[in-house]
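Please build the complete structure, drawing on both the sequences and the hints.
Residue numbers (the working numbering): 1 to 205.
Hint data in this document are derived by calculation from the structure and do not stem from the laboratory. It is possible that part of the hints are untrue.
Per label pair, the in silico range of CB-to-CB distance [said to hold, decoys possible]: (1) Val119 with Glu157: 56 to 62 Å; (2) Gln171 with Val128: 24 to 30 Å; (3) Asp166 with Leu109: 20 to 26 Å; (4) Gln171 with Glu110: 19 to 25 Å; (5) Val27 with Ser187: 44 to 50 Å; (6) Glu110 with Thr167: 25 to 31 Å; (7) His154 with Phe28: 32 to 38 Å; (8) Leu42 with Pro160: 48 to 54 Å; (9) Arg84 with Ser129: 19 to 25 Å; (10) Thr113 with Ile45: 18 to 24 Å; (11) Ile45 with Ala25: 25 to 31 Å; (12) Gly85 with Arg172: 31 to 37 Å.
Glycine included, every Cβ here is placed at the ideal spot set by N, Cα and C.
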Amino acid sequence: MLKGRSMKLSSRVQRYIAIALAMLAGVFLYFFLIHWWLVAPLQRINEEEHALQASYQRFSALVAQREELQARLDLQRQHPLSSRGLLTAREPEVAMSQLMQLMSERLSLEPATGISCSVLNRVPQIGVSEGPLVSVAVSVDLECGIESLTGTLHRLESKPPYLLIDTLSIQRLVSQDTTQSSSGRLSVKLQVRGYLSISPAVGHE
Numbered sequence: 001m002l003k004g005r006s007m008k009l010s011s012r013v014q015r016y017i018a019i020a021l022a023m024l025a026g027v028f029l030y031f032f033l034i035h036w037w038l039v040a041p042l043q044r045i046n047e048e049e050h051a052l053q054a055s056y057q058r059f060s061a062l063v064a065q066r067e068e069l070q071a072r073l074d075l076q077r078q079h080p081l082s083s084r085g086l087l088t089a090r091e092p093e094v095a096m097s098q099l100m101q102l103m104s105e106r107l108s109l110e111p112a113t114g115i116s117c118s119v120l121n122r123v124p125q126i127g128v129s130e131g132p133l134v135s136v137a138v139s140v141d142l143e144c145g146i147e148s149l150t151g152t153l154h155r156l157e158s159k160p161p162y163l164l165i166d167t168l169s170i171q172r173l174v175s176q177d178t179t180q181s182s183s184g185r186l187s188v189k190l191q192v193r194g195y196l197s198i199s200p201a202v203g204h205e
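This is the structure:
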């Protein structure tokens, strides 16, 4: 009697174990097959979509600033810059070196969030006489995050010597790597101009 009962209990335990193993196998199959291959990619796509929407909104706001920057540029051209806003160099060649140095110093290399700015190419432009002043310019190709580009543009025009942004072109880079799709990396082309004063001896001739 006892032996038969023991065998029955043993069979019942075996069924419980089999059910538990089947449930564990089901959970395993869900997480490692359904979740990782279906649910997780959908979640990542949803997160990337929200990140892209946020990046697009900030990008659109930045592009909208171009009209404001152009208006400020036109206003500053109508009113001569004070000596505090001029490059300290007295020769166009030296002023060009100073302009490039200032450009490098004012790049947002360590933004609080996002991608820093990096210089891809710089092309100096020939100096042009504008009355008592001479302008020197440099065309720069950058790769920036949205936050770092905003900081860079602000520093370029808000600190003496003042640098004026002549042209600004912004495009969002599209990468084949899906891990980079929501990074907000921008391709930026701009021309930055600075002014130096002609020496007094030349200016009064």
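Evaluated hints:
Against the hinted window of 56 to 62 Å, the Cβ-Cβ separation of Val119 and Glu157 comes to about 18 Å, which falls outside the hint. Restraint check, Gln171 to Val128: a C-beta distance of roughly 28 Å satisfies the suggested window 24 to 30 Å. Checked against the hint of 20 to 26 Å, the C-beta distance between Asp166 and Leu109 comes to roughly 23 Å, which is consistent with it. At about 24 Å, the beta-carbon gap between Gln171 and Glu110 stays in the expected band of 19 to 25 Å.
Between Val27 and Ser187 the C-beta distance comes to about 46 Å, which sits within the given range of 44 to 50 Å. Remark: the range hint 25 to 31 Å for Glu110 to Thr167 is upheld by a beta-carbon distance near 26 Å. With their beta carbons about 53 Å apart, His154 and Phe28 fall outside the hinted range of 32 to 38 Å. Hint check: Leu42 to Pro160, Cβ distance near 52 Å, so the stated range 48 to 54 Å holds.
Between Arg84 and Ser129 the CB atoms are about 21 Å apart, so this pair conforms to the stated range of 19 to 25 Å. A hinted range of 18 to 24 Å for the beta carbons of Thr113 and Ile45 is consistent with their spacing of about 22 Å. Our hint of 25 to 31 Å for Ile45 and Ala25 holds, since their Cβ atoms are close to 28 Å apart. For Gly85 and Arg172, the Cβ-Cβ distance of about 33 Å falls inside the hinted range of 31 to 37 Å, so the restraint holds.
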